[in-house]
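Q: The chain contents come next:
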Amino acid sequence: MSTNTVTAPPAEAGLSRRGFFMKLGILFNGFAAIVLALPVARFLFSSITRGRGNGYLSWVRLGDVGNFPEGETRMTTFRNPLVMPTDGKTVDTACWVRRVAGDQFQVFAINCAHLGCPVRWFPQSGLFMCPCHGGAYYRDGSRASGPPERGLFEYAYKIENGVLTIDAGQLPTPGDPVASLTSEKPPCA
Amino acid sequence: MRLITKIGEWFDHRLQLAAPIREAAGHPVPRNTASWFYVFGSAALTVFLLQVVTGILLALIYVPSAGEAWSSLQALNHQVTLGWCIRAMHGWGSNFMVAIVLIHMVQVFLFGAHKFPRELTWILGVFLLLMTLGMAFSGQVLRFDQDAYWGLGIGASIASRVPIIGPAVVKLMLGGPIIAGATLSRFFALHVFVIPGLLIAFVGLHVLMVLKLGINEWPMPGRIVKRATYEAEYHALTKKDGEPFVPYAIWKDMFFAAFIVLAIAACAFYFGPFGPTGQPDPTIIQTAPKPDYFFLWLYALLSLLPPSLETPFLLICPPLVILGLILLPFLSGEGEKSWKRRPIAVVTVLMIAITLGTFTRMAQFTPWSPHMNAWSGDPVPEHYIHGTTALERQGALVFQVKQCRNCHSLGNTGGQRGPTLDSVAVRLTQDQLIRQVIQGGGNMPAYGNNLSPAETTALVAFLETLHPTTQSPARDAARELVLSNGQLQTSGTQP
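Residue numbers (this note's numbering), protein chains in the order written: chain A, 17 to 205; chain B, 6 to 500.
Note that these hints are calculated values from the structure, not bench results.
These numbers come from a predicted model, not from an experiment.
Backbone N, C-alpha and C fix where the C-beta goes; we use that ideal spot for every residue, glycine too.
Accuracy of the hints is not assured; some may be wrong.
A short list of chain A residues far from chain B (calculated; beta carbon distances all over 10 Å) [said to hold, decoys possible]:
| # | residue |
| --- | --- |
| 1 | F37 |
| 2 | V51 |
| 3 | R58 |
| 4 | N83 |
| 5 | E88 |
| 6 | T109 |
| 7 | A110 |
| 8 | D119 |
| 9 | C133 |
| 10 | M145 |
| 11 | C148 |
| 12 | G150 |
| 13 | G167 |
| 14 | L187 |
| 15 | D192 |
Some chain B residues near chain A, calculated using beta-carbon distances under 8 Å [what the hints assert, rightly or not]:
| # | residue |
| --- | --- |
| 16 | S70 |
| 17 | P172 |
| 18 | G186 |
| 19 | S308 |
| 20 | T394 |
Just chain A, with the same shape it has in the complex (with noise of 0.2 Å):
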């Protein structure tokens, strides 16, 4: 043991051999973290990267026009146009549609602009009501009571070939909420 004692590198010396390579190996460390840290945040984030520019949403068709009669408010269900193999039952989304006249409708998000709880139609009082705090709305979506700050979401709609199609595929937020950016406002709200 004693011939093959390990001298202390001399303390003026600023970097010492090992000294050196231990840096070293921390560089390549970290250089190896970023390689890794690339594509681990890209999958980490590709869910807010792909919805960028709404690029979640696209038009989906709710069925003939002629299944929605004029002046009345009915539920109908779609699919979302992402659907994943693991999804089950929560792909199918509802909404209110309703058909003011003619050619002209509103839909409505499920989602109350409050807080997202499934909103109903009564259509005796002309009023939706949410069931978790509250809220309601007039038949034409604008805030009647409650704590929402604004109406119902609305989704854009339009009519191909006697098709009621909306554009849909993204949950409706208060802080985003994607449907009424893009739709026209209502005639009277």
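Knowing the structure of chain A, use the given hints to seat chain B on it.
A: What follows is chain B alone, placed relative to chain A:
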């Protein structure tokens, strides 16, 4: 016996753990800390271990897929032997865990244990509380039923209100544009890997610091904590008046831990598992989602805050509360420890407890939610239509059909969103009733567009009958005067 000793020695020669364990077990603690007030930390740890064990057992059957999670829960409840029991233990365990962590925190605060030199122990404890709440919320999501589905929608709606990054946070939280398979999978990863991993690390450090710094001595009024002298004083105290932790103090921890485990088991056996409620099918909208017990206060708060205050409150208050809790040991790191000399501390704890308790209690009634089926399910009490005219009965019909009942109660049934109408005629005159019905206001929708003049007349006629027999309905005295004046004038001009 000698063989066991030998095997033990063989292992310890390699592990070298016996000495530090013996040292930790025998470390002296002040005699009066061997108290029933000091058992909540170890109880929280016990429940955490129980949660780990029952959680692993549930993972043997549970499928974290939006398409199958609900049916795998049904299988646990009904098909797998004692699956319901393990689910119930895990569910009740989570309730107990939140409760015990909160009690532990209150005890620590009132006994001044957050003061020097145990600041970091407290801060880690704050993070442990947040993680416990995170486990509670993510656990509710894994019970993938209607409440979980719409609860996620509520979480997303709150997160979306963060300025600028809100929409991105929602997509990150949901793992996509909507609540779906990816959402459940990432909450599974959080609930099963990420948060428990952090919890184990933080609990380890938390307990290590209790061992290194010593358990907080029983606070004596007048014994002031000073940074310069505290550690020497504590050391002297444990030397003079200390006893080894094992067995002097630990037997109380052990008794209480066993008691809590038995209490959880009793609740599990007696009350059974939580849910799952209806299937997580977004097209089934006949649902009134409600959060689990420990978030009920938030549910109440979100209903009662004025709309304009809600977003600022949600975005500003939680960070402030967390920051306040973290800064607490630095703001009051010295001085009195005893609750007897800290009235503000006691009042603060009481205020918070009363506020949370009141909100929780209110959220069990949800007076702010319309009763969606009251209009068709709760008939107008019979005595309200006894001896009424045809018009008034027609009004009672309008009252039901137009869903007034969903928000207004009669005879203690119906919604409580609006005022109860049993004696509305005493409060409002005919004119005021008409105005309120047509124009709404005071958090009531305007019904002008949805009632014909005939319906309004009938409805108001019915409402005017709603007064106790001993009290006459409100009337506008000036109106009669004006009317009689008018008659006088017309009669005066006639001759």
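Q: Could you tell me which of the numbered hints above are not met by this structure, giving the numbers in increasing order?
A: 6, 7, 9, 10, 11, 12, 14, 15 and 20
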